[in-house]
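*Asks:* Here's the letter readout for the chains.
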Amino acid sequence: MSRYAPSQSNLVWHVYVLNGSQISRHGVVSFAEVHFYFIKVFGDGPRAFALISLYSPPNEHILRSTSDTLVVCRHQHERELTVIDVKSILSVIAMAPFPFLIDGHGNQYFMIEKMGLGVIKADALEDNE
Amino acid sequence: MVKEATLKSQFDAEELAELLEPQEHTSTPPDDPSLKLSLLNYISFMGCSQHAYEAARKNTRQCYPDIELLSYYRVARQARLLSGVITWEHHMCFKGCLGFTGPFADLEQCPDCGQSRYEEKDLEDSDGERKVPRKVFTTFPPGPQIQAKWKHLDTAEDMFYRWKKTEDLRRERGQSDDPLNIYDDILCGKAYLDLVDDGSITEYDTVLMLSIDGAQLHEHKESNCWIYIWILVDIGPDKRYKIRNILPGGIIPGPYAPKDLDSFLFPGLAHVSALQREGLHIWDAYHRRRAISLLYLFLVLADAVAMAQLSGSVGHHGRKGCRLLCGLLGRNKIHGAHYYPALLRPNGFETHRTSSHPDIDINSLPIPTPQGYKTDLFHIISSRTETEYKRRRFNAGIGKPSIFAGMSRILPLPTCFAGDLMHQPVLNLACLLFDLWCARPGARDHNRFTVWPWAVLTGDVWKRHGEFVSRVARYLPTSFGRTPRNPQEKISSGYKAWEFLNYIYGEGPGVFYGVLPDVYYFHFCRLVRAIRIIHQHSISREQLATAHELLLQWVLDFEIIYCDRNPDRLHFVRQCVHSLTHLARETHRLGPLWLSSQWTMERVIGYLGSLLRQPSNPFRNLAAQTKRVAHTNALVAMWPDFERTKGDPHGSEDLGNSYLLLGPKDTSHHQLLPIEREALNIFFSGYPDAEDIDRQTVYRWGRLRIPTEQVARSRWKELERCSDMARTDRNVKVCTESI
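Here the protein sequences line up with chains A and B, keeping their order.
Per this note's numbering, the first sequence runs over residues 852 to 980.
Per this note's numbering, the second sequence runs over residues 40 to 778.
Please note that the accuracy of each hint is not assured.
Straight-line distance between alpha carbons at most 30 Å, and here's what the computed DSS-like set of lysine-lysine pairs gives [what the hints assert, rightly or not]:
(1) B:Lys281 <-> B:Lys666
(2) B:Lys204 <-> B:Lys281
(3) B:Lys756 <-> A:Lys891
(4) B:Lys772 <-> A:Lys891
(5) B:Lys170 <-> B:Lys47
(6) B:Lys229 <-> B:Lys170
(7) B:Lys772 <-> B:Lys756
(8) B:Lys439 <-> B:Lys429
(9) A:Lys891 <-> B:Lys704
Here's a subset of chain B near chain A, in silico, CB distances under 10 Å, partners left out [unchecked claim]:
(10) Arg510
(11) Val511
(12) Ile745
Calculated from the structure, these hints are not laboratory results.
Note that beta-carbon positions come from the ideal geometry of N, C-alpha and C, so glycine has one too.
Given these sequences and hints, build the entire structure.
*Replies:* So this is what it looks like as structure tokens:
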């Protein structure tokens, strides 16, 4: 499985649960497309998983030269199909087509994260409009 | 005047009694079912016309003749009485010069423009007996609204967030004075923690932020008005910014901009000032006891124009034009009156009369201090002649004492005036960058024929870039909010702050790759990196240090690669460039700046605007709707049952830790494809207790809600949709525990 360590790329983050208390997780970050979710029942109860296809690790050269702002990955389709626990999903991101060949390869995508994630949450009142 | 205000002079006897003796509150809604149903309808029909309410009333009577619901007039009255919320109307100048409050309270004409305060026809017809004001503005005193927040167990618990978090932070900090490792709320800022340390703020106090902004209700300028609100820092950041927890402060009708903003804020501020000294009596339903809460005005938030009025500064074009009043000396062009906060001295400025000072070291920029502000202000008000006043105002950057100087419990001036993360680094800086990149007239220099290497967004390149940006929109998840429209077509016609944020700081590095020349592109990326950090929900100390370094470097590089010490290009260095140097320090002082930005105000304006019904008289309607919001907020705080929050959707599966599986779901077994089976096999072969798990079939689920409140979808369901415009929500960031 292709991965890159957050400590090297400065993509360190902290994860929040809703009551405001903080869990910080350190691990390996990757980007993926979800195919579907499913539940399997274990002795201690049901657990949920997702079948995903992983994007390639970001192009290191582009990442470094852009102060860690431009994350470009290749879509690998079915080659990197894998299963994860749904609780390792941190956020929903955008992967938009990147119209350049990188090292002669096409099929490139660049990653966009939501700004100020979790700060101003959608107001339930305004959803109704 | 603000200093001397007392509660007794502000309320009539009955209101005062209620304010001083808040009654213990039974947490069951009123026992009378028809009153309850009337109130429920009143709340649910927010944003609908009175006719809708009356229709529901008639329908109810037709089916249940025994239930007599209250008329709209009576239910509104009941809502006011039960909520305890009070509304004040004060007269104002017809031309918007000032409100007839404080020192102007007894005038019959506007001292500025001479317009009469009362309808002249009525005065004449009745020999001066009937005094009908020509225009009024509305104030909602926060005292009763805050009392309502303590009357129910659940809301009182919400109000206790501040003190709970404060105790956690103090424990984390221990005895040391070290800054915290993580900034994730205003309470993590040094300014707040210092106030707790020196005992200025304690358990029951109410910590407020005042936010004011101009709003345009319709497309026409005639609908301009000014709104201010109070934000309760006592409530946790996840709930603090919701409409139900915002306290409306006041509505100042336009269309003329208020010239003397102080006189319009006077009733509200005098009320807060009185509560700061006399204390607000509350019934704490959580601990079931009475308490006295002293109000603390923590921050004042405003757009640049209003801020200059409130802080008494000379404004952004002054020689010391920084809105935080840091005192950095600007430079003006040879015959220009407008000053720019340029650090580097332009070529040929060695003998310039006002701007000959040498290069300013970016690492030793001045910081705003209360002492410096006091000295300057004393200097100004002790001026003996007009000329002396003007000269001193020019040197100090402030022109008059601020109305907030009369408040006893407020962060020392000028540190109570906050910057604004929405206007400066997003709207204003975006405007500057596109003035440069598109070579728009706003930035052109004298010599129209010089070729700017960075001005690449013109002609076909700009057109192709615009098309690229509009193609990217459909890849943005719905949780990203409004997607940027084609900038080439729309950027100069009402491009919204949110669009700019997603466009420049979200998509920017991707969509400008290969468009901007390398030097300018990599320079831009450094800004993006820093601004992304500043916008995070939680910021670590190391990240903040990184952002600070990048921002200082960016500002200096900006002057080098864009201005190049060319006196003709001095006007590139606008205040928004300088404001970047403050962002990291301000975050250390106030916590993540998004929490004290004008984004909240923006949303409140949008919400109130959506409630308007009668475009013929928008200001009266706005005041009435805002009053209804104030009543409803208080009622819902007192009886949260009045507005049930939505439960989990039907057929969902709660997984704990705020993860929730959502439909659609397979109705029968889905046979896995060979490659899918392979993936399951690999995963479960290394998984504990998974020997008996079926690896051939699954029931698929389509969506998953995660703790960020985003909903992740899936390829399975998204590829079934045929619309080209549909957004893409199936890409996720994943963290697997380190191996």
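*Asks:* So, for every hint listed, does it hold in this structure?
*Replies:* A quick look at each hint next to the structure:
For a cut-off of 30 Å, the pair hint linking B:Lys281 to B:Lys666 stands: about 17 Å separates their Cα positions. Under the criterion of a C-alpha separation no larger than 30 Å, the hint pairing B:Lys204 with B:Lys281 is consistent with the structure, at around 19 Å. The straight-line distance between the Cα atoms of B:Lys756 and A:Lys891 is roughly 20 Å, inside the 30 Å bound, and the hint therefore holds. Annotation: proposed proximity of B:Lys772 to A:Lys891 holds, straight-line Cα distance about 23 Å (limit 30 Å).
For the proposed pair B:Lys170 and B:Lys47, the alpha carbon gap of about 25 Å is at most 30 Å, so the pair holds. A C-alpha spacing of about 51 Å is found between B:Lys229 and B:Lys170, which places the hinted pair above 30 Å, so the restraint is violated. Annotation: proposed proximity of B:Lys772 to B:Lys756 holds, straight-line Cα distance about 19 Å (limit 30 Å). With a C-alpha separation of about 11 Å, the suggested pair B:Lys439 and B:Lys429 falls inside the 30 Å cut-off, and the hint holds.
Among the hinted pairs, A:Lys891 with B:Lys704 is consistent with the structure: their alpha-carbon atoms are about 14 Å apart, no more than 30 Å. A hinted interface residue such as B:Arg510 counts as satisfied when its beta carbon comes closer than 10 Å to some beta carbon of chain A; here the least separation is about 8 Å, so the hint holds. For B:Val511, the interface hint holds, the least distance from its beta-carbon to any beta-carbon of chain A being 5 Å, beneath 10 Å. The interface hint given for B:Ile745 holds, since its Cβ lies 6 Å from the closest Cβ of chain A, which is under the 10 Å cut-off.
Comparing the model with each numbered hint stated earlier shows that hint 6 is the single one that does not hold.
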